[in-house]
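Asker: When you get a sec, could you build the whole thing from the sequences and use the hints?
Chains as they are written, first to last, in our numbering: chain A, 1 to 387; chain B, 1 to 387.
Accuracy of the hints is not assured; some may be wrong.
Repeated chains share a single entry, so a pair holds when one copy, or any two copies, can fit it.
What the hints assert, rightly or not - Keeping only pairs whose Cα atoms sit at most 16 Å apart, straight-line, the calculated EDC-like set for lysine to aspartate or glutamate is:
#	residue 1	residue 2
1	Lys298	Glu269
2	Lys293	Glu350
3	Lys352	Glu226
4	Lys81	Asp258
5	Lys9	Glu198
6	Lys110	Asp82
7	Lys381	Asp82
8	Lys352	Asp342
9	Lys352	Asp327
10	Lys298	Asp248
I should point out that these hints are in silico values taken from the structure, not numbers from a laboratory.
2 protein chains.
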Amino acid sequence: MSLSPSVRKGPLQDLVVVDLTRYLAGPYCSLLLADLGARVIKIETPQRGDDSRHVPPLQGGQSTYFMSINRGKESLALNLKDEPDRELLHKLLSEADILVENFRPGVMDKLGLTEEHIRSTYPELIYASISGFGQTGPWRDLPAYDLVVQALSGMMSINGQADGPPTRVGTSIGDLGAGLYAALAIVSAVHERARTGEGSRVDISMLDCQVALLESHYMRYSVTGEIPDRVGSRHPLITPFDTFEAADGHFVICTVGDAMFQQLMRAIEREDLLQDPRFQSPQLRLQHEPELKSELEKQFRGRARAHWLELIGEAGIPCSPINTVADMIDNPQLEQRNIFVDLSSGAEVEYKAVRTPFAAMGYGSGSPQDWAPMLDEHGPKIRSEFE
Amino acid sequence: MSLSPSVRKGPLQDLVVVDLTRYLAGPYCSLLLADLGARVIKIETPQRGDDSRHVPPLQGGQSTYFMSINRGKESLALNLKDEPDRELLHKLLSEADILVENFRPGVMDKLGLTEEHIRSTYPELIYASISGFGQTGPWRDLPAYDLVVQALSGMMSINGQADGPPTRVGTSIGDLGAGLYAALAIVSAVHERARTGEGSRVDISMLDCQVALLESHYMRYSVTGEIPDRVGSRHPLITPFDTFEAADGHFVICTVGDAMFQQLMRAIEREDLLQDPRFQSPQLRLQHEPELKSELEKQFRGRARAHWLELIGEAGIPCSPINTVADMIDNPQLEQRNIFVDLSSGAEVEYKAVRTPFAAMGYGSGSPQDWAPMLDEHGPKIRSEFE
Numbered sequence: 001m002s003l004s005p006s007v008r009k010g011p012l013q014d015l016v017v018v019d020l021t022r023y024l025a026g027p028y029c030s031l032l033l034a035d036l037g038a039r040v041i042k043i044e045t046p047q048r049g050d051d052s053r054h055v056p057p058l059q060g061g062q063s064t065y066f067m068s069i070n071r072g073k074e075s076l077a078l079n080l081k082d083e084p085d086r087e088l089l090h091k092l093l094s095e096a097d098i099l100v101e102n103f104r105p106g107v108m109d110k111l112g113l114t115e116e117h118i119r120s121t122y123p124e125l126i127y128a129s130i131s132g133f134g135q136t137g138p139w140r141d142l143p144a145y146d147l148v149v150q151a152l153s154g155m156m157s158i159n160g161q162a163d164g165p166p167t168r169v170g171t172s173i174g175d176l177g178a179g180l181y182a183a184l185a186i187v188s189a190v191h192e193r194a195r196t197g198e199g200s201r202v203d204i205s206m207l208d209c210q211v212a213l214l215e216s217h218y219m220r221y222s223v224t225g226e227i228p229d230r231v232g233s234r235h236p237l238i239t240p241f242d243t244f245e246a247a248d249g250h251f252v253i254c255t256v257g258d259a260m261f262q263q264l265m266r267a268i269e270r271e272d273l274l275q276d277p278r279f280q281s282p283q284l285r286l287q288h289e290p291e292l293k294s295e296l297e298k299q300f301r302g303r304a305r306a307h308w309l310e311l312i313g314e315a316g317i318p319c320s321p322i323n324t325v326a327d328m329i330d331n332p333q334l335e336q337r338n339i340f341v342d343l344s345s346g347a348e349v350e351y352k353a354v355r356t357p358f359a360a361m362g363y364g365s366g367s368p369q370d371w372a373p374m375l376d377e378h379g380p381k382i383r384s385e386f387e
Numbered sequence: 001m002s003l004s005p006s007v008r009k010g011p012l013q014d015l016v017v018v019d020l021t022r023y024l025a026g027p028y029c030s031l032l033l034a035d036l037g038a039r040v041i042k043i044e045t046p047q048r049g050d051d052s053r054h055v056p057p058l059q060g061g062q063s064t065y066f067m068s069i070n071r072g073k074e075s076l077a078l079n080l081k082d083e084p085d086r087e088l089l090h091k092l093l094s095e096a097d098i099l100v101e102n103f104r105p106g107v108m109d110k111l112g113l114t115e116e117h118i119r120s121t122y123p124e125l126i127y128a129s130i131s132g133f134g135q136t137g138p139w140r141d142l143p144a145y146d147l148v149v150q151a152l153s154g155m156m157s158i159n160g161q162a163d164g165p166p167t168r169v170g171t172s173i174g175d176l177g178a179g180l181y182a183a184l185a186i187v188s189a190v191h192e193r194a195r196t197g198e199g200s201r202v203d204i205s206m207l208d209c210q211v212a213l214l215e216s217h218y219m220r221y222s223v224t225g226e227i228p229d230r231v232g233s234r235h236p237l238i239t240p241f242d243t244f245e246a247a248d249g250h251f252v253i254c255t256v257g258d259a260m261f262q263q264l265m266r267a268i269e270r271e272d273l274l275q276d277p278r279f280q281s282p283q284l285r286l287q288h289e290p291e292l293k294s295e296l297e298k299q300f301r302g303r304a305r306a307h308w309l310e311l312i313g314e315a316g317i318p319c320s321p322i323n324t325v326a327d328m329i330d331n332p333q334l335e336q337r338n339i340f341v342d343l344s345s346g347a348e349v350e351y352k353a354v355r356t357p358f359a360a361m362g363y364g365s366g367s368p369q370d371w372a373p374m375l376d377e378h379g380p381k382i383r384s385e386f387e
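Answerer: What follows is the structure, encoded as structure tokens:
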């Protein structure tokens with residue numbers, strides 16, 4: 001499976017990443033760097049490799065979870081307790097621009113890779129760590145997974161139905177968020193190095209990242225003293241901006257301001273509600289949100305959602321069905337944006353992986369291949385290159 | 001309110017951003033750049049300014065929502081239909097490194113700022129756009145808000161309780177995700193420019209970003225044909241890894257693998273379950289997940305969550321309470337990581353804003369001030385500097 005001819009190498013094509021990451025937060029960070037063109041050399045333990053290689057479901061002996069986040073990387077198996085392999089790691093580090101790891105704080109020290117040693121031996125290297133709570137502070141040594149930082153940060157407390165329990169966000173935003181902030185900090189540090197000639201230390205905490213993603217909720221609490229709570233799918237401050245039930249399922253409508261509300265009422269032939277004193281202003285509509293929703297759903301339940309989406313969409317009001325993952329996999333917009341990559345060449349099963357959103361800009365990965373590597377697949381090549 | 005003495009200017013301190021963004025996705029992108037040290041000049045319409053200045057709750061006439069995402073920027077009011085103001089914009093662009101906007105596709109053209117014109121006049125500029133569906137494809141002209149891309153992408157379909165409806169993620173991940181990917185693409189393009197001497201076009205679609213955040217869900221569906229669904233807070237593949245109910249509320253536990261499961265059973269004095277044939281392996285525990293949860297909660301409901309968190313935490317197993325936003329605002333770890341910034345100097349109310357996670361690395365913003373600007377606050381200064 002080769003990249004399409006219009007692909008150009010990404011903007012980070014001159015960078016080499018030594019990647020000691022496992023599971024999700026770290027590998028997602030290095031996936032972003034790979035999709036932006038960097039050469040990512042993933043170091044794995046011999047025999048077992050990255051633990052996420054064993055997360056089900058497996059297909060042809062390969063974990064789909066592992067495959068989806070390790071595309072476009074090269075794999076090198078190294079036993080870091082073994083002297084010749086450690087020497088090879090140091091040769092790689094002397095050529096690399098970036099080192100990224102997501103062990104618990106302290107593990108790098110045990111591997112003989114103290115921060116002091118790395119920074120003094122490779123003064124131009126960007127040394128990035130992602131951990132549950134960061135490299136500093138009273139909690140630095142505590143263990144954390146995605147669910148823990150979602151729970152601690154307040155993220156779960158505001159996610160879910162108003163009458164339901166706090167709920168984990170359905171994608172691993174604790175890990176993916178940290179990977180995104182880390183990649184941004186890393187590329188920024190590379191930019192700084194071009195000016196100063198010096199590498200730097202990137203220290204990303206998964207908990208900090210979750211709290212950062214809740215920014216306005218914290219600000220609102222600090223000013224009003226009202227603790228943000230779950231409100232289901234509706235906008236806490238604007239209405240109608242929510243999910244609604246039609247005869248055959250749910251859909252969403254987003255209206256902002258009086259003009260759009262009037263357009264919506266005309267589109268669905270409920271101009272009578274424009275005269276209703278309860279719905280005369282944004283503030284009044286918010287105050288009477290349950291009654292307005294009930295009036296609208298009385299109307300919507302009479303016809304299928306396709307009917308309503310057509311009418312409301314034609315009126316220029318943002319609206320959409322609530323899709324499953326299956327609904328979008330052959331979508332023409334995503335097709336044209338190049339968001340899916342078909343890795344099934346020669347395989348019996350279809351493998352459609354999701355690219356990072358940079359694919360729409362025509363960037364190809366920094367790797368010779370799109371798919372995820374087998375354990376130590378690039379070992380011989382890398383050893384002959386660096387030894 | 002000055003920055004603490006240990007603050008150093010961030011890695012992007014040599015970059016100037018002309019910021020035409022409004023609402024959330026674009027302003028979050030430029031907030032990230034500002035917190036990394038860039039000088040961000042926010043262009044707003046005279047009188048009204050960024051629409052998000054009017055999102056309640058207001059405090060001292062300022063929107064907390066606006067303030068939380070526009071910290072550390074400079075505000076300049078320009079009427080882009082007015083010739084002298086357009087000239088000033090072009091003077092700014094000729095000095096700037098980055099232009100970022102998040103209008104609907106087509107609006108920049110109407111302002112006389114076509115892509116061709118910008119790219120030919122300012123060949124070294126990074127020109128970044130964030131929109132609902134991107135600058136290409138059949139859906140490019142459709143309107144979208146956060147709720148629409150969460151609904152379309154499948155994000156809502158996997159977020160929520162197993163017996164509940166699809167649910168919007170409680171933070172605006174449709175906007176914030178796009179802002180993060182955009183900032184990363186922008187800084188990568190700046191890096192490329194140092195090598196090639198050329199600017200480039202950054203085109204970020206909010207929908208692409210949501211689909212990207214669901215990566216392994218799409219991969220899993222494409223391989224197994226099983227449509228991913230909502231599973232509440234539990235891990236779909238590993239158990240016990242979920243929320244549990246104690247006498248006084250819920251908490252979370254994450255166990256991975258047999259050794260950790262055995263430690264957990266010993267910590268909570270349920271060694272008897274280690275002999276239970278239903279719970280002998282990770283696969284069996286997953287298969288009997290409801291029974292295992294029920295056995296554990298029988299135990300947990302007898303005591304307060306503080307009791308269980310102490311026992312389980314001491315055993316080295318990741319676990320935590322489920323906090324509200326209020327629970328974390330004075331947390332010692334976040335305090336040491338410098339994640340909150342107190343903007344209340346001289347004000348009657350406490351304003352605690354959340355910094356981006358780069359604050360823990362000691363980076364200060366590129367701005368002379370931490371707080372968000374009043375409309376046109378920096379207009380006189382910028383006009384005298386550039387006119």
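Asker: Indicate, hint by hint, whether the structure satisfies it.
Answerer: Going down the list of hints, with the structure as the test:
Taking the closest pair of Cα atoms, Lys298 and Glu269 come within 16 Å of each other only inside a single copy of the chain (12 Å); across copies the shortest separation is 53 Å, beyond that limit. Taking the shortest alpha-carbon separations for Lys293 and Glu350, neither the intra-copy value of 42 Å nor the inter-copy value of 35 Å comes in at or below 16 Å. In this assembly of identical chains, Lys352 and Glu226 lie within 16 Å of each other by CA distance solely across copies; the values are 14 Å between and 44 Å within a copy. Proximity of Lys81 to Asp258 under the C-alpha cut-off of 16 Å is found in neither arrangement, the shortest distances being 67 Å within a copy and 25 Å between copies.
In this assembly of identical chains, the alpha carbons of Lys9 and Glu198 lie at most 16 Å apart only when taken from different copies (15 Å versus 26 Å within one copy). In this assembly of identical chains, the alpha carbons of Lys110 and Asp82 lie at most 16 Å apart only when taken from the same copy (13 Å versus 64 Å across copies). In the homo-oligomer, the alpha carbons of Lys381 and Asp82 never lie at most 16 Å apart, since the shortest distance is 20 Å inside one protomer and 61 Å across protomers. For the homomeric pair Lys352 and Asp342, the shortest alpha-carbon distance inside one copy (5 Å) is at most 16 Å, but the shortest distance between copies (46 Å) is not.
Taking identical chains as interchangeable, the C-alpha atoms of Lys352 and Asp327 lie at most 16 Å apart only when both belong to the same chain, with a minimum of 14 Å there against 41 Å between chains. Taking the closest pair of Cα atoms, Lys298 and Asp248 come within 16 Å of each other only inside a single copy of the chain (14 Å); across copies the shortest separation is 39 Å, beyond that limit.
When held up to the earlier numbered hints, the structure conflicts with 2, 4, 7 and fits the remainder.
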